[in-house]
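A.B. asks: Spelled out from the first residue to the last, the chains are:
Protein chains: 2
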Amino acid sequence: MEFKISKELIQELEQLIQNKNDQQLEVLLNDMHHADIAEILDELDFDEATYIFKVLDSDKTAEILLELEDDLRENILGRLSAKEIAEELDELETNDAADIIAELSKDLKAEVISELQDVEHAKDIVDLLRYKEDTAGGIMHKEMVKVNENWNVLTCVKEMRIQAENISRVHSIYVVDDENRLKGRLSLKDLLTTSTKTPINDIYIRKLNSVTVDTEDIEVARIMQKYDLEAIPVIDELGRLVGRITIDDIIDVIKDEADKDYQLAAGITQDVETNDSIYEHTKARLPWLLMGMLIELIASYVIKGNEGTSQKFYTLIIFMPLLSATAGNIGVQASAIIVQGLANGTLKQFSRSYFSKEIAVAMISGTIIAMMVLGYHTFMYGQFQVGMAISISIVVVILFAAILGTLVPLFLHKNNIDPAIATGPFITTTNDVFGIMIYFGIANLILGF
Amino acid sequence: MEFKISKELIQELEQLIQNKNDQQLEVLLNDMHHADIAEILDELDFDEATYIFKVLDSDKTAEILLELEDDLRENILGRLSAKEIAEELDELETNDAADIIAELSKDLKAEVISELQDVEHAKDIVDLLRYKEDTAGGIMHKEMVKVNENWNVLTCVKEMRIQAENISRVHSIYVVDDENRLKGRLSLKDLLTTSTKTPINDIYIRKLNSVTVDTEDIEVARIMQKYDLEAIPVIDELGRLVGRITIDDIIDVIKDEADKDYQLAAGITQDVETNDSIYEHTKARLPWLLMGMLIELIASYVIKGNEGTSQKFYTLIIFMPLLSATAGNIGVQASAIIVQGLANGTLKQFSRSYFSKEIAVAMISGTIIAMMVLGYHTFMYGQFQVGMAISISIVVVILFAAILGTLVPLFLHKNNIDPAIATGPFITTTNDVFGIMIYFGIANLILGF
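Going down the list, the protein sequences come from chains A and B.
Take the first sequence: its letter number 8 is residue 8 in UniProt numbering, and every next letter is one higher.
Take the second sequence: its letter number 160 is residue 160 in UniProt numbering, and every next letter is one higher.
Same shape as in the complex, but just chain A (with noise of 0.2 Å):
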């Protein structure tokens, strides 16, 4: 039942687009869905995806350029005009039509707003641009179905019909006042089962959660989830209706914010994708390595400075990776479960009773782990208390590495930083560092070398 490309299917049309023969273009791709068309058009090269483009008709187009991957559409909007950019946005919504408006050259982008046929349309979407990315604002679009309070049910469904008529989803009837204040909701129900003379002033529903525009998007998610919203109104600071959020956009905030902690917790600081260059990618990587490689040569003069010639020095070294393994490994742990508990809630800042869960968590690994190893050592060189000043010191590293999992994304969080940097590089070789430390110095102190 589901769409899948096939290698024929694209030989099938580069030889179309060769004999520029469009009809048959038109015949083969009127049928599919845009998503389809845009994941056609992403595996094909920009001059083939651009002939393609050109061909279809402009309702089809307009939703296609929504789904292609970023350096396609750069690359088709960079061969339009800005009449036909224009023609394009005019088939959107307002909140996608931002989007690519955003996406333009300043220049680009008051031509091609000036070039906008519907003055309404042009209007909301100009309006959408005055807010940040990610608010509420900025992810809200303009259509949506709003009463006044003072009409009663006949113009109500008069008007209903004619705003109704560009929106794909009604979801709530928002019911403002004569300064368009958000004053409650409709039913559709109560709408359709009242007499056509009765006041909506009678029949709307008061209570509606809302947000306002500058709440931020995740917190929107937030509150759309708990709530079990498929739409939420969008107010300004004065109470007026200005928007509305659906729960399709709340989606990709949701994935979005996922694809950012795992990418911090990588080390990856924008979001790269595969198809970026080699200069996004060394950009969006090299600091975290170069700041990683950094904090790491303090680990090396550490090491230099214990470096001793005794056979003891040599036993520590060779633990030495399995140490800072451990200690990361168990540092990250901490540190993930603490980032996830902020993120849903189900932890607001520190907690007593988790943190001496985990510190018996780290304790029961630590020793499970430090026996293990002294067992071995025992067994592989003999030096039981060799094994032991190191045992000993694992324990330790682990117990540190835990706490400063636990309590340094609570830090950054109460602090408003995210979290989710803790899990990745910038802590996992501090937590090396110091561990090392940690190690040589409860070793030098049991062995005294």
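Just so you know, the hints here were simulated from the structure itself, not pulled from any lab data.
A couple of the hints might just be wrong.
[Claimed, not checked] Partial pick of chain B residues on the chain A-facing surface, computed with a CB cut under 7 Å: (1) A35; (2) A265; (3) A299; (4) I318; (5) F319; (6) A360; (7) S365.
Glycine included, each C-beta is placed from N, C-alpha and C at the ideal position.
Following the hints, put chain B in place on chain A, whose structure we already have.
C.D. replies: Here is chain B on its own, set in the frame of chain A:
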């Protein structure tokens, strides 16, 4: 506008519970949203939460039950009789009810099902219990509006009114034949603008996305997002319409999937949360720690084998943490980009062009880092030759880590193993061992100690 839990509210509730002032409790909580009440109950202790739960009406408590944290829900369910649980389930949608039943013990399960009042509802719930959790069958619900292709518009509207009563959001009207096989969907607009005698057969839309009961849940999520669907019908092997999945069901799938990747990267097997027990935490985390430890024992063996008494060996040792960390970081970066590329579909398999890009990024980063280390080493210790050996090894190790980081997740993906494992402790520690081997090997070749 939004609800916020306050200490005062919690104290007031605790006071009312102590005084057994049920009436006041009801007054206080009756106007609240069930999600807010669940948030409050999560803050109280089990006895208090159960007390409030029993005071409230079952139409409210049923919804609250769904929102509670797992351990509290389990606790409350444990204090209810089979009949009481059944009363709660009668208020819920089929999929939510099935999820709760699935958590019960085998004996209790049967008892609760036999106590369900609404026989149709019970049948639907039992039907849902058959499907695996992570399939379309496992997340779909039975509530939907379906009409027969042989009906006319009038019969259709009448039937719809009856069916729609139990459904919070209609989304789509599905058309089936006499055998209940899915044929297409009906647009509400067409239904309302056609004469009442028109046969459904003349007006329904034949083209319709659907999934089968055993489609993986993440595949359902992908399809619904790609085609921007708010609901999708689910059919069985014979093409019969058996359920429906809505976009809010999918949000959980998307979040769980993202969480799982993050957890695998952090070395946590199960979905542990801050409020899980020490045992559960240890069970989810210790295996990864032990595996990391065992792999690193190999590293200790490699170092032991290369042990020399020369000054050169010492110099190699002090940069070992730097080498491990840098290789680890670049390996995780490479893997994470692949994992995300596979997840969002921008990458489908091994791509030569991406592979060469990754090698370029690794070469650039490796060279920059190696040159900085060479500079530092020459400045600090004045041994240019040893510095060169270290720097060359660093470039090779980084290159190796990037290649492994790129290929391993692709290999895992091809063999149907979750590629996110490649960003976790297993690969980072393995990488570490290889890195140390290469490091000593190359340095040994150059320096000949």
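A.B. asks: Work down the list of hints and note, for each, if the structure agrees.
C.D. replies: Quick rundown of the hints versus the structure:
no.: 1; hint: A35; verdict: 5 Å, holds
no.: 2; hint: A265; verdict: 6 Å, holds
no.: 3; hint: A299; verdict: 4 Å, holds
no.: 4; hint: I318; verdict: 4 Å, holds
no.: 5; hint: F319; verdict: 5 Å, holds
no.: 6; hint: A360; verdict: 5 Å, holds
no.: 7; hint: S365; verdict: 5 Å, holds
In terms of the numbered hints stated before, the structure departs from none.
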